Each structure stands twice: as structure tokens, then as C-alpha cells.
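K.L.:
With chain A fixed as given, assemble chain B onto it according to the hints.
Protein chains: 2
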Amino acid sequence: MARAWHLMRRPNGMPVPEDFALKDFDPGALGDGMVRVANRWLSVDPYMRGRMNDVKSYVPPFALDAPMEGGAVGEVIESNDPGFAPGDMVLHMGGWRDETVAPATSLNKLPPIPGVEPQAFLGNLGLTGGTAYFGLLDAASAREGDIVFVSAAAGAVGSAVVQIAKARGMTVIGSAGGADKCDFVRSLGADAVVDYKAGPVLKQLAEAAPKGIDVYFDNVGGEHLDAALAVARKDGRFAICGMIDIYNEAQPTSLRYIARIIAMRLRLKGFIYTDYLGQLGDFYRDMGGWLATGQVKSRDTVVEGLDHTLDAFLGLFTGANTGKMLLKL
Amino acid sequence: MARAWHLMRRPNGMPVPEDFALKDFDPGALGDGMVRVANRWLSVDPYMRGRMNDVKSYVPPFALDAPMEGGAVGEVIESNDPGFAPGDMVLHMGGWRDETVAPATSLNKLPPIPGVEPQAFLGNLGLTGGTAYFGLLDAASAREGDIVFVSAAAGAVGSAVVQIAKARGMTVIGSAGGADKCDFVRSLGADAVVDYKAGPVLKQLAEAAPKGIDVYFDNVGGEHLDAALAVARKDGRFAICGMIDIYNEAQPTSLRYIARIIAMRLRLKGFIYTDYLGQLGDFYRDMGGWLATGQVKSRDTVVEGLDHTLDAFLGLFTGANTGKMLLKL
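Protein chains in written order, with the numbering used here: chain A, 978 to 1306; chain B, 978 to 1306.
Pulled out of the complex, with its shape left as it was, chain A reads as follows:
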């Protein structure tokens, strides 16, 4: 038997262990065109919190008491499709479990990029790196010379944003919680850091960016978004990527500086990674190059064992990760 995490009820606010159960399940027989995959790496990502609610959004809600889904990298162990053979490493959405049987059409062989570990396809070469890349360069139209502010800069997406922005000749201010994470953000090349645990964001941001900012990459919403509105200069562009501050609460967001959207002619653009699947070639080329030269470095926080998937996921909301949070099987 394989094992998979099930969502047993819709969380109310911050999820608790009782909302979930790890259950045995039978992945099923290997029909025509089907492939059996043993997962090696599972991704946990903040957006998954949204799928736990029963609301229409960009991905459908998780069904109750059924194996959950999520990004995963695994190894083909049995194949009934001519396109896959045992030993192939594949990227797919059958995560939150140790084994899956899936149609060959739902699997992607890892692109042959030299010197890259398989788990990078869940991080800098996958959802989080791609989110950083397309959000910064397309949704925010960031360009050389821009002053960029990014929240959750020690996280998976944020740390990629910092490094991509530096690789493209921008000035970067990153926000993170606590001295260790701020040191990490500096080590990625950030020109200045804001420690949101050390005091109000706006005061620190205004000091770090006395001329204002051109771009804000929003991973958190709330106070960070308001501070960015306050210091954005004319024609500023915001990529609205995530609002982890509010995923778990029913409280509205309070914005004091929202009218500056008008005065400064700001543009705020929401986006998600899958909007850009047609442009993955550009992304693999650029990100592959940066990883090869070391201009972008991967740092993962690795939790081991399927039993601890939930710890890894919940840790996303308490700042337990630096860089990409991964589960190793």
C-alpha cells in the first residue's frame, strides 16, 4: 500500500493537524498509458492553503478525504507507456503521497539541464523560481536600474526574486523576519534589508529607499503592501504574487496609502505561474544560465519523511523555512 495525506475538513484560520490524516491507499493497477512513480521530493507551498478552502479560485479546492495534490519529483518504477521507462525522473502534481499511478500525459521528464539536482525543479527551476522570474520581469515589468522591494525575501520565491533582480542590474531591498534571515537575504546580494520583526516596515523601508521604489514584489500583503504603496514612486509597478499574511485569517486588509495608486499612477498586477507555461523556454534558458554561473543559488529547507509533510507545510506560515521548503522521501 502507498500512503497519502488527506484533507479531512476545511481549516478554520490556521490549519491544525486534526484537519488532516495520513492514510493508506491503493494507487491502482497500471492501465494502458499509465505510469507508476515513486516520489523522491514533495513540494509544500503557501498557495496550497487556498485550496483547502471551498471557494472558487485559480485552482480547484482539495476534495475532502482524498489524496491531496501538489508538486512532486519522482522516479518512474513501472511504465505502461512507451514514453517513460523505469529510472526516468519526472515532475508531476501527484504530491502529498509516496507513490502514485498517473497518466503519462500528466508527467514531465525533467529537462536536461547540467549540474542541476532533481529537486531544483520544485524550486528555482520550478514553480517558485518561475513565479519569481515571470512576476518580476513580466507582471512588474522590472528592468535594469529599478529599485525593487520584495517581501518574504528569505523564502523560496523571494530569494529567487532578489537574485534575479541583481542578475539583471537592479537595486534590491528585501524584507525578512529576524537577523538570521536578513543575513541570508544580504548574502543573496540584496543592497538593503528590512527586518519586519524589528519594527514597523514603513519606517525601515523609507530609510532603505530614500528615493522610493519602482517595483514591489508582494508575497505577503498587509503591512508590507501598505508600506510599498507609501514609498512607491511615479509609474511604480507591483507584482501581486501572494498574501501569506491573510491566507489564514478572515480579517480584512487595512491600507492607509491606497490612494497613492492614483497620485503615483501605480500599476498592481496579480499573476500566477501557470499563466506563463507557454514561456517556460525563456525561463529555463535564463534560470539555467544563472544557476550554472552561480548568479542564482538554491537554498532549501529540507524536512525528511512523509510523516512530517504537515510540519513542513505548517512551517511555511511560521517562518520555519529559509529558501525553498522541501520534503524528502
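Treat each hint with caution, since some may be false.
A pair holds if it fits inside one copy or across any two, identical chains being indistinguishable in the list.
[Said to hold, decoys possible] With a cut-off of at most 25 Å between alpha-carbon atoms, the simulated SDA-like pairs for lysine to any residue come out as follows:
1. K1211 with L1114
2. K1211 with A1015
3. K1143 with G1154
4. K1305 with P1091
5. K1143 with D1058
6. K1033 with S1231
7. K1033 with R1233
8. K1033 with A1240
9. K1143 with A1043
10. K1000 with F1061
11. K1033 with D1259
12. K1033 with M1011
13. K1180 with S1083
14. K1000 with K1274
15. K1211 with A1062
16. K1033 with T1148
17. K1086 with K1305
18. K1188 with D1252
19. K1033 with P1177
20. K1211 with S1231
21. K1143 with S1231
22. K1211 with M1070
23. K1274 with P1229
24. K1174 with S1231
No lab work stands behind these hints, which were simulated from the structure alone.
In this text the structure is predicted, and so the values were computed from the model without any measurement.
P.N.:
Same frame as chain A, now just chain B:
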């Protein structure tokens, strides 16, 4: 002596008459290249409230105890510039006064558009109509078939938005306060109305737009903006034009549905009319045509006499106007 309104102190919240004074002043001698203009029509606009604060914005703050400024249409009564002669009707920024002496370079002769009254250049052919035109068609990229929601739809900008949207084949839902104004919005061609004084905006909007909205033209901010976020569908576009709800208060805006920017990939764009001065030719052509065919009608609320300028201005914040608020001298 001429007379002009002075701002005597910075208003705290909603302006009160004691913040202002109507004073005699000497417009000065007619130097080389200068023109003397007797004002016939003065514009009062919500954006002027922003200029009463001592903060950096898209227009500089009003100086204290000096003649205030604003859009005006006047008649040249004396000219020391070869480009202007007595009798010429001009559009200029020397409003809030009955007479001004200004450099010829700061005056614009009214474009020769047949059948148009001079005061239209303060309304549908001026700041407010242009704001509606460029905001709807450029900032929000609205196109035929879109479902458009516009707040303050009985106001100067909003009533132009309703009519332009209908002229371009869109479905329009307009919000206004009270049955009379809602009737007026319907008479402009709106497909549905929301009476914000009759109940929560979101509930009414969701009923009026069961399929959601593609475009929101925001004149007010606050509850209307939040309702628009709640019902916007994928790739929705918001033109952020004004936030009259918060111009006079220091309270932050509370948004419950802001994370839908991500889920629905919304784009919010702030803009102001003067961003588009290079494209006035398109605007005069289209709006002139619509006025000629009656597809866009002008409705003004006219207050008479310089002494009542302040009543007209303050009336903007209490809903005293239907259509464009003008002062006639």
C-alpha cells in the same frame, strides 16, 4: 480690484468655510506676452481636496493665503500678446477668482467644436470627460462586450464613463446614492444601477452582475472597491481614478477581497488626466462626435456667483451635484 479665494489653513478632514477666505487682489499690470481674462465659468473638482494638504502628490499643494487655482473658462478682455485678442474664449488654470492676468503660454483657446457650449471644456470635453475617456479606454483597456462597473456614476466623471461605455458596446452597471441619481444613471443608458444608500454595495452588485465584471472604474475607493474586487472575473481591469470616500478622512481603507487580485489576475492602474495630454486629439474627435450625435449628453449642476464657490466645492463631498459641478460668474 479682482477677488480670489485663498486657502487660509490646511483643512483637517472635511474642509470648513473657516479654512478659506474670499479676498480682493490685484491681478497686476499687463506685461509683455500677458493676457487679462475675465472668468465666465469655474470648475470645482474632488482632486482639489488633495491640493489642500501639504503633501507631495501629482499636483503641488495650494500655497496658503494666495489665490487658489483650478480649471476655468474665461474671455480675454485685454491682451499684450499677438496670439490673443479681446473676445477670445480660453481654457486655463486660473480659477477660484473672477479675473486673472496670465502668460499667453498658459492659455488655450477653446477648440472649434460646433454646437458645444464653452463650459463643456470644463466637463465632457475637459478634465472630467477626458478622465472618463482615457481611464476607461486606456487605463482599464475596456473593450466592446466588457461588463463595466462604475462608481459615482451620477457624477461628472462617472456619467461620462457610463455613456462612453455604452457608445462602445459595453454592459454598464453604475452606482449612485439615492433613487433620483439612480434614475439619472439609468437615463444615461446604464443597464443596471446600485443604490449605495439603499444597502450594501456587494450584495446589489453581485445581483446586477451575476457573471461578474471585467472592468471597474473607481471614483470612490472603500466599500465600492472591495465589492468590485469580490466580483471581478479573470483578467479584470480596474481604472483607479479617485477615492472620494477617503479624501477627507485619515481612516485606512479596509479590503476583505484584496487577495482576489491574485486569483483573478486583476490589474489595477492609477492614472490622471494630464498623463494623456498628448492624446487629446483622439479625445476631441471621439467625444466631439458623441456630443454631436447625442450619444453623450452633458448635464451640469450650476452654482452662480463667486461668493458661492465654496458651497459648490463642498457640495462635491455631500453628493450635491448630478453631472458636472460648475460655478457660473
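K.L.:
Pop the pair K1086 and K1305 into one bin, within, between, both or neither, using alpha-carbon distances up to 25 Å.
P.N.:
within (19 Å within a copy, 73 Å between copies)
K.L.:
Using 25 Å as the alpha carbon limit, work out where K1033 and A1240 are close: within a copy, between copies, both or neither.
P.N.:
Result: close only across copies, 9 Å inter versus 33 Å intra.
K.L.:
Is the C-alpha distance from K1143 to G1154 at most 25 Å within one copy, between copies, in both cases, or in neither?
P.N.:
within (21 Å within a copy, 50 Å between copies)
K.L.:
Checking K1033 and R1233: alpha-carbon separation at most 25 Å within a copy, between copies, both or neither?
P.N.:
Answer is between; shortest inter-copy Cα gap is 16 Å, intra-copy 29 Å.
K.L.:
Within a copy, between copies, both or neither: which one fits K1211 and L1114 at a CA-CA cutoff of 25 Å?
P.N.:
Answer is both: 18 Å inside a copy and 21 Å across each meet the 25 Å cutoff.
K.L.:
What label fits K1180 with S1083 when the C-alpha limit is 25 Å: within, between, both, or neither?
P.N.:
neither (48 Å within a copy, 40 Å between copies)
K.L.:
Classify it for me, K1211 with M1070: is the Cα-Cα distance of at most 25 Å met within a copy, between copies, both or neither?
P.N.:
between (41 Å within a copy, 23 Å between copies)
K.L.:
At most 25 Å between C-alpha atoms: does K1211 with A1015 qualify within a copy, between copies, both, or neither?
P.N.:
neither (51 Å within a copy, 36 Å between copies)
K.L.:
Is it within, between, both or neither when you check K1033 against S1231 at 25 Å Cα-Cα?
P.N.:
So K1033 and S1231 pass the 25 Å test inside a copy (24 Å) and across (22 Å) alike.
K.L.:
Measure nothing new, just compare the shortest in-copy and cross-copy C-alpha distances for K1033 and M1011 to 25 Å and report within, between, both or neither.
P.N.:
For K1033 and M1011, neither the intra-copy (30 Å) nor the inter-copy (63 Å) Cα distance is at most 25 Å.
K.L.:
Reference check for the pair K1033 and D1259, CA-CA at most 25 Å: within, between, both, or neither?
P.N.:
neither (31 Å within a copy, 40 Å between copies)
K.L.:
If the cutoff is 25 Å on CA atoms, where do K1143 and A1043 land: within, between, both or neither? Let me know, please.
P.N.:
neither (43 Å within a copy, 48 Å between copies)
In summary, the numbered hints that this structure violates are 2, 5, 9, 10, 11, 12, 13, 14, 15, 21 and 23.
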